[in-house]
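Participant: For reference, the chains in residue letters:
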Amino acid sequence: MSSRERILGRVRRALADVPPGEDVPVERDYLREHGERTVEETVDLLAENLADYRAVVHRTDTGSLPGVVAELLSARGASTVLVPPGLDEGWLAAAEVTRVPDEAGSTPHELDQVDSVLTACAVAIAETGTIVLDGSPDQGRRRISLVPDHHICVVRVPDQVVASVPQALERLDPARPLTWISGPSATSDIELDRVEGVHGPRTLEVVLVR
Amino acid sequence: MSGTFVGMPAFPAAAREAVRDTTLRGNLRHATHTIRAKRARAVAELDDWERLRQAGKRIKDRTLRHLDRYLVQLEESVTAAGGVVHWAADADEANRIVAELVKATGETEVVKVKSMATQEIALNETLEAQGIHAYETDLAELIVQLGKDRPSHILVPAIHRNRGEIRDIFTREMGEWGRPAPEGLTDTPADLAEAARLHLREKFLRAKVGISGANFMVAETGTLVVVESEGNGRMCLTLPETLISVVGIEKIVPTWQDLEVFLQTLPRSSTAERMNPYTSMWTGTTDGDGPRNFHLVLLDNGRTDTLADEVGRQALRCIRCSACLNVCPVYERAGGHAYGSVYPGPIGAILSPQLRGTASEIDASLPYASSLCGACYEVCPVAIDIPEVLVHLRERVVEGGEAVREGNKVRLRPAKGHAAERAAMRAARWALTRPGALRTGQRLASRTRRLHPRTLPGPGRAWSGTRDLPPVPAEPFRDWWQRTRGGKDGAK
Amino acid sequence: MRVALFLTCVNDTLYPDTGRAVVKLLTRLGVDVDFPEAQTCCGQAHYNTGYRHEAEPMARHFADVFREYDAVVTPSGSCGAMVRELYPRMGERARSEGRGDGLATVLAPVVPKTYELTEFLVDVLEVTDVGAYYPHRVTYHPTCHGLRSLGLGERPLRLLRAVKGLELVELPGAEECCGFGGTFALKNADVSAAMGTDKVRNAESTGAEVLCAADNSCLMHIGGTMTRLRTGMRPVHIAEILASTEEDPSV
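Chains as they are written, first to last, in this note's numbering: chain A, 1 to 210; chain B, 1001 to 1492; chain C, 2001 to 2251.
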């Protein structure tokens, strides 16, 4: 007998008391979002919660975005930036940095030499201060937003902003590789007290673009 | 490594040592009290918390009560997405599968995401014996591994260590494992985190095999979810070419939508955050992004035995948040090591004796490692009635009875060492169902009260070693009542 | 309304003053309380130590003794919780063991009409000011089963706040278990004692003369720790505070 059959057999015997055909109904009477907010207020909440977990939040409009991105890279002293293949080229129009394309062949060591990464996102969650990346062409492979120490993420507001976790899951495709990011990397492993900055990018800048 | 629990003394003896260790007491008190207050605040932010908690409970019950169906569904969806599913009936089989998979890659080192399942099966030790080095990458796991220590908490395995001790371990040990700690390392948490970053970076960047557990597996989509903070999880899940995930069969949720409950309740319960810094979700493999090979090892190792117990099976709802540890007054004073298992605290006290059985001294003592205060149940985000299961397992210890071990029905004998207690309980029951006998006993106690010492010899010292006995009154209440009709006759 | 006092075996044997205080208090509030002399013990210690089957005849006995009354009042949060929370569970377990509905049917009637004292006062009699007088500085420890199983909430505090002369001070870490836990106090004596010591140190820090609770089992442990640590504080059951009046004060 294979272990698969053995385990499934054990499970079935263990559940002998469960009436056949029984289902356990799940009441989803919890809230789809917490509190009532206008679209504007939801965006404000996103900014507030991102900042609360030490992401640096910037707000701008489409026209000024290239300038803001250029400024952030230059303030950081970045000379190289990782660029996902489908990123709007205009976002980097004003930046004087070397663009490093996101390629399958790059080794982690090579990525580690790059100063910054610029990505879009799939959705942002106001209540938790979370941005979610789904590997779309404007976000690139998961590792590019991980290895460089500086991540700039552009969120189109209000279109990409949802209020809550349930609303975010509705928008996401489970078949894609998903990375939920809430602030820069952090740990609570020393005396259960949170400190920011471990393996993931230690600086997360989120640009909310209208 | 000394990371073994074999031959652990029973809980009371291990706890006695811990209670006397003032550094440990201080470390645990500080850490648990810090997180307690924060958790309460994070939970209070959601006014539908109780509804989320009940939904979480129902979703897990739905999974468990139809686990066969969801396991098969999960296998299909993972396979369809490019993953390979393996089934492991016990720890040995899981270790063997993982070791073979690693060997097939030709690699001799692996990076690991913090995983309770692989701790439970002692995977690192097994791999080491076969020449494969497993590097723990979670900060707390790293502290435990470098310190040749044992984990003492589900979320923060090094909770028993304070910053000064961590600094000393890093300074002393890092060089043995790879990049040494920076010169003049201080004990500020930020510097310690930086030291871990530098030490582990080279390991992440060259790793070809990653090993993880998972917080959730979605049956309908085949998606696995890892919830973490530091980014070490992302490193292990995305940089290597091969990813092996060892996951307990109870970690399934039926639907994608079900995640909306747990992604709200888990972070707030464990680290008291609205959301943890990083959550990774992957479904099989993705062309050109992340590992090319993905193996899922489904682990039983006592879970189906636990499932067979109608009262005890609720322990399998656990999502490993560790809120119950953080509020537990016994855990706070006894520390995690006293529980003799990778699962300490209240959840450990009901999980270990079910996964491993109650045959060993430590496992038979765990159901008693609680004052039944109920704080654990109150904070549990999937409403596991831990006190109920503790009492149920006490019954199994003292009365024996039917249980399932390794898939087979067995008849357990009452545990040794409870014979005197059993006799006393039986005698007490006899007296306490006979008011006349109770009264006789009370009168005897009252009449001889001047002879009663305030401290007791022998086994009575368990009480009177630290506490005085109350004096026995001149007459029991029932005599007063009979004499005075409740004072209605004006008598006092 | 026919009201019975279920004093509990511990109170009956070791704390008769608490029983007298309940009788005095309820009589003052116009309740004609009876003490059915056939009462013994709810079976909690047996049940919680793993001797559910030994506890069953005790539960049956309880149900038999109190069946005829309209309300059963007990000055013990944990014994109240035993009846209200665990008797139904005992019935269910017997059923799932294939022993039928017998036990559940016998126990069911007493479950809803059993009240812990402060519940009975606040919910049934609908009083919070019971006309008590107690000129002392008091801190209140909510015992675990009263707090979490019965959900007594603010009831004891509302009663205490209405007591004339009483200065109520908040107990730090109030909701933490004192470490008694029935046989836990013996089986894990070291941890139990450490918990008790922390509870007493917290109580001391309030400067109160009296630590009050609604359960003498916990108070036996806390009080025994207090005298051993020579704190000078006293453990007092809430019934004795509420029974105390200017004309007939208790100490």
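Keep in mind the hints are simulated off the structure, nothing from the lab. Hints are not guaranteed to be accurate.
Each computed SDA-like pair below joins lysine to any residue, with the alpha-carbon atoms no more than 25 Å apart [stated by the list, open to error]:
1) Lys1208/B <-> Thr107/A
2) Lys1488/B <-> Ala2174/C
3) Lys2113/C <-> Glu2092/C
4) Lys2187/C <-> Lys1208/B
5) Lys2187/C <-> Gly1401/B
6) Lys1203/B <-> Ser106/A
7) Lys2187/C <-> Arg1029/B
8) Lys2187/C <-> Ala1462/B
9) Lys2187/C <-> Ala1014/B
10) Lys1038/B <-> Val56/A
11) Lys2187/C <-> Lys1488/B
Predicted model only: the values in this text are computed from it and were never measured.
Participant: Of all the hints numbered above, which does this structure not satisfy? Sort the numbers upward.
Facilitator: 2, 4 and 11
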